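Chemist: One-letter residues, chain by chain:
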Amino acid sequence: MTRVRVVLGMMLALGLTLAGAATPDWSGVWLPKIPEEDAAIAASPSPWTPAAKATIDALAAAEDAGHPKGLFVNCLPEGMPSWMLISHNALEFLITPGRVTMLGESDGNRLRRIYTDGRPHQDDPDPSFFGDSVGRWEGQTLVVDTIAVYPETYIALGEAVGVPNNGDLHVAERIYLKKPDVLADDLVITAPHVLTRPWKITELFHRVPGAGNVIEEGECLGGFYSEGKDGEGNSVFVPVPQTAFGNPKPD
Amino acid sequence: MKRVLLAAAGAWGLAQAHHSFGMYDESKIVMVSGTVAEFRWTNPHVVIVVETAAGVSWTIENTSTGNLKRMGWTRHSVVAGETVTVELAPLRDGSHGGSFLGAKLSDGKVLGEFQ
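As given, the protein sequences belong to chains A and B, one line each in that order.
Under this note's numbering, the first residue of the first sequence is numbered 11, with each subsequent residue one higher.
Under this note's numbering, the first residue of the second sequence is numbered 616, with each subsequent residue one higher.
Treat each hint with caution, since some may be false.
[As the list claims (entries may be wrong)] Listed next, with one range per pair, are the computed distances between beta-carbon atoms:
| no. | chain 1 | residue 1 | chain 2 | residue 2 | range |
| --- | --- | --- | --- | --- | --- |
| 1 | B | V725 | A | P57 | 44 to 50 angstroms |
| 2 | B | G696 | A | K210 | 49 to 55 angstroms |
| 3 | B | G696 | A | R146 | 52 to 58 angstroms |
| 4 | B | G709 | A | A182 | 43 to 49 angstroms |
What the hints contain is simulated information worked out from the structure, not anything from laboratory work.
Given the structure is predicted, the values throughout are model-derived calculations rather than measurements.
A virtual CB, placed ideally from N, CA and C, is assigned to each residue, including glycine.
Work out the full structure: start from the sequences and follow the hints.
Modeler: Written out as structure tokens, the structure is:
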């Protein structure tokens with residue numbers, strides 16, 4: 011009987027740990043502030059290689075001249091690390107046993123699964139937009155390691171300025187509450203084909219108070235359509251012409 | 616990096632997902648009065664289409680539904696058929712589109728920052 015109690019006690023303790031009893035309260039909805047994103051980049055400029063810097067400068071000049079390159083207008087995900095760097099939309103965290111899930115608003119394709127159950131990286135993970143992420147809790151800090159991101163995925167400073175990481179991307183993060191309602195993500199981005207050294211930058215996210223504390227459904231392709239009717243009177247989505255910049259084409 | 620800051624967003628600086636707003640000239644403000652032809656409450660960008668009395672159609676982009684809801688908007692904030700005056704940052708190429716800055720509705724209600 012005693013042995014049963016011990017086993018049950020161990021299971022309970024393990025269950026509590028896996029259930030997140032010791033994990034922080036990251037409930038609710040979190041928003042970045044664009045001025046803070048810009049300030050973070052200004053305070054810690056990305057150490058581009060000369061070739062990458064030339065591309066970045068050309069894209070910034072094009073955007074300033076009114077010809078922004080639409081890095082994401084194809085509606086493929088921003089991926090890592092750009093989601094953490096340039097998103098202007100809300101996100102939420104689901105902390106469940108052995109896993110933290112990040113879900114983003116507006117574009118419908120922002121999703122990260124971070125396994126915290128002690129598993130290592132997959133032996134040979136398929137590349138993906140958000141990569142293969144494993145993490146662990148160090149107290150109230152989530153430590154995340156991400157590999158296997160598509161080489162085509164951008165390291166972006168904005169929606170029109172960025173370069174593909176070109177392979178061998180590694181992102182290390184420490185995510186923690188800087189204040190009760192301010193979440194910090196310390197990123198160390200290693201991208202040897204476009205950065206001359208690891209790029210350290212901290213992004214902040216603010217917990218939304220009150221009624222705005224809800225994530226709205228959104229699909230990146232949603233703006234390509236409007237609600238309408240077909241010839242039989244059925245409710246259908248009707249294509250909306252877009253410009254090369256990604257905005258709806260005026261009549 | 617050029618990013619349109621919605622005046623109503625204040626310190627959040629809620630700009631746009633999905634695409635840059637560099638195609639809009641932030642240094643200019645154009646005022647358009649007319650009838651709301653469409654109010655597309657959709658993501659990643661809400662769109663208002665306004666038809667002027669002269670028959671010109673203006674397509675005006677805004678931020679996402681989530682961001683707008685947090686600023687007090689709903690899908691009923693603008694109604695097709697009502698008269699409205701919109702202030703926008705115009706497309707640089709001169710075509711009839713813009714980035715939403717603010718609006719005054721027929722009942723006097725103001726959305727965003729209306730000069």
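Chemist: All hints, please: hold or fail.
Modeler: Tested hints:
1. B:V725 with A:P57: 44 to 50 angstroms: For B:V725 and A:P57 the Cβ distance comes to about 45 angstroms; the hint holds.
2. B:G696 with A:K210: 49 to 55 angstroms: Once the Cβ atoms are compared, 53 angstroms apart, the range 49 to 55 angstroms for A:K210 and B:G696 holds.
3. B:G696 with A:R146: 52 to 58 angstroms: Since the Cβ atoms of B:G696 and A:R146 sit about 57 angstroms apart, the hinted range of 52 to 58 angstroms holds.
4. B:G709 with A:A182: 43 to 49 angstroms: holds (47 angstroms)
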